[in-house]
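K.L.:
Chains A and B supply the protein sequences, listed in that same order.
If you're matching positions, the first sequence starts at 421 in our numbering and goes up one per residue.
If you're matching positions, the second sequence starts at 73 in our numbering and goes up one per residue.
Everything labelled a hint here was simulated from the structure, so no lab data went into it.
Fair warning: this is a prediction, and the values are worked out from it, not measured in the lab.
Don't be surprised by glycine CBs; every beta carbon is placed ideally from N, CA and C.
Don't take each hint at face value.
Facing chain B, from chain A, some residues (calculated, C-beta under 7 Å) [said to hold, decoys possible]:
#1 Pro-582
#2 Gly-702
#3 Gly-714
#4 Ile-753
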Amino acid sequence: MLFLSKKQDWLGNVRGDVLAGLVVALALIPEAIAFSIIAGVDPKVGLYASFCIAVITAFVGGRPGMISAATGAMALLMVTLVKDHGLQYLLAATLLTGVLQIIAGYLKLGSLMSFVSRSVVTGFVNALAILIFMAQLPELTNVTWHVYAMTAGGLGIIYLFPYLPVIGKSLPSPLVCIVTLTGVAIYLNLDIRTVGDMGELPDTLPVFLWPEVPLTLETLKIIAPYSIPLAVVGMLESLMTATIIDDLTDTPSDKNRECKGQGLANIGAGLLGGMAGCAMIGQSVINIKSGGRGRLSTLIAGSFLLIMVVFLDEWISKIPMAALVSVMIMVSIGTFSWSSIVNLKQYPISTNIVMLATVIVVVWTHNLAFGVFVGVLLASLFFANKISHFMYVESELDEANSTRTYRAIGQIFFNSSGKFIAAFDFKEAVDKVVIDLHRAHFWDITSVTALDKAVIKFRREGADVEVIGMNEATATIVDRFGIHDKPEEIEKVMGGH
Amino acid sequence: MTTDTNRVLACIDGSILSEAVCDYAAWIAQRVDAPLKLLHVIDHHPETAATMDLSGNIGLGSQEQLLEELTAVEQQRSKLRLQQGKLLLQAAKDRVIQAGIANPDSNQRHGSLVESLIELEESIRVLVIGIRGKVHENQPDKIGAKLESIIRSLHKPILVVNEAFKAPQRIMIAYDGSEAAEKAVNMVANSPLYKGLTCHLVYVSKDATATEQLLQPVADKLTNAGGIEVISKILLGKPDQLLCEYQDKHAIDMVVMGAFSHTRLHDLLLGSFTAKMLTTTKKPLLLLR
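Isolated chain A, as found in the complex (with noise of 0.2 Å):
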């Protein structure tokens, strides 16, 4: 199933996937470099995870057409492994995030994207953006004015270039701010910093290799506490991503084959010499828009990034770095999600909070997955609460045979039980009182027990309680879990208030 394509996944679309599939890779060349800078690893680390991560996605990813590669959210993540352990432990750590992620597809949990709300995903997609900005800013302080110019003018080129007539549209904008940039740096000979300033790059094609790490139980209480989040993230991101181009394209995707598939990239970049790598969103929107739709697109992005890194090293070397963050900038603005802020003004408060919250975390904690496990909690919460608006109970009395009818309507659980007891007048004197639960649901052990104590307090009070029209969902959960139909269970209730 994993290897499994349709014929029009590859070759539907051959003209278009393989021009974008070039725009891809030239962009993908400096994101690559940038993501190993924010690790704190070689280039070729990130280099080589970009292309093994493209070319194995192309073929085994469930959604034709996306650009996974080394990734600024799985970077951040990994730069106190690097920082305290070495290289060797970061590939360890990327075999085992593959692992995880594979085990997650085929448990299906890719499914649980569903609890991820609209917000939550804005909110991460948001902060993504704001943490690629930040990491830019190392290369922008404590520098000469040169690095200045030369950043505004990168962005200049890259926003302006496309307006020129006829060559406008045909060349990607990034590649000729980065020549641009490379061609002035050399010719002044500006004393700035370049890409062969910040490490290795690749001169050969990559050779596998086994992580230079003990077997040990000691290796994996190392490894685990990065590959676990490094897991997580890249799911995160890569289904959100996916969700993406799925609106983009209006094709559908397979969830569960694409955390397959990014967990068998991550195990071959890991042998490769690659670090961890996931879905790029900014780049799939990229590849869309250059008009690639299929596998192809992805599999000419990755094999075309290699080829163009292991046989032009030399000018790789020589671009500055205010090339690669004008490039970068423009990856987080493009990433940002601008309708967002549009939108701030009409969506509910509680939306806008969920989304600030998941910015707010992640901005602080450098981690995307607590980001998004803010979100869905905050989202939950208030889901639960407005759900309990829902609940209201009316009541009316028979003054002839002193029968009070509450009529209780609507979802009672945890959040809504204490709502539907502040219903009851247990002060008023009837001799009869019937609880009415046509039009009402029950639906967790809170609410039965809410609904116990009403009828012990109303029957403590002397009158007869009649529970009646518990629909059948409410009749089994009462049934497993009431108590006040049985007598010898009243005292323990009772006798603990």
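Assemble chain B onto chain A, guided by the hints.
P.N.:
Quick look at chain B alone, frame taken from chain A:
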């Protein structure tokens, strides 16, 4: 709901064969007294990009902008196709009404043809489809690109139309003694479609051992249950060639046979008899699955 599960479904795409498809579908619908449904499928080919912008940059709101752009382009294209499809269906409807069908249904669906047919499979009694669509319209030696996967994925009788309509008088059953052929014979015997037609029961053997006796019980079954006049014949040699020659010689109007009874792998290595028949025959093929 009984009428809904028993339709003659005709696939219309506006190619030259669409008219013949309508006529054959009307002929079948009248003979078996089943409702007729005309289907036009709009395939958007989402695997192919409509726009291309190689500037390779993304800025504020470019994701939203891209979605907007792609939606606008696709909306325009789809509207046009929707309109064209409506006209095609109307023309087809007029044609089958003239042929004597009282209330033909028409249906337009989005998606690929194969997927749409799989979704509709439950409601199909017989599928009528042209041997090639608009893409290969002027290449008489080619069969439609999706035809094989349609035939493989559906488990209903499929009439593949390849020439203008002529009410069938003489049909030929290509019989090879296999389970699929046996099933085909049973279906022919039990269907009102073939009542009063002359049926040539043809068996192509690779060696001379087969005798007419082999065909006798089959012929009897057809005559008794179906009220069909049967002429049995045993030929010696290569099946697809001989069957087509026989078809020409005896002015056969329609060929009935089982289809794709082997696995894809087998057909990939040895070639499929059904595929060969589809390319060689000049008469409509009724494939029974």
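K.L.:
It remains to establish, for every hint, whether it holds in the given structure.
P.N.:
Hint-by-hint comparison with the structure:
1. Pro-582: holds, 4 Å
2. Gly-702: Nearest chain B Cβ about 6 Å off; hint holds.
3. Gly-714: holds, 6 Å
4. Ile-753: holds, 6 Å
The earlier numbered hints are all upheld by this structure, with none contradicted.
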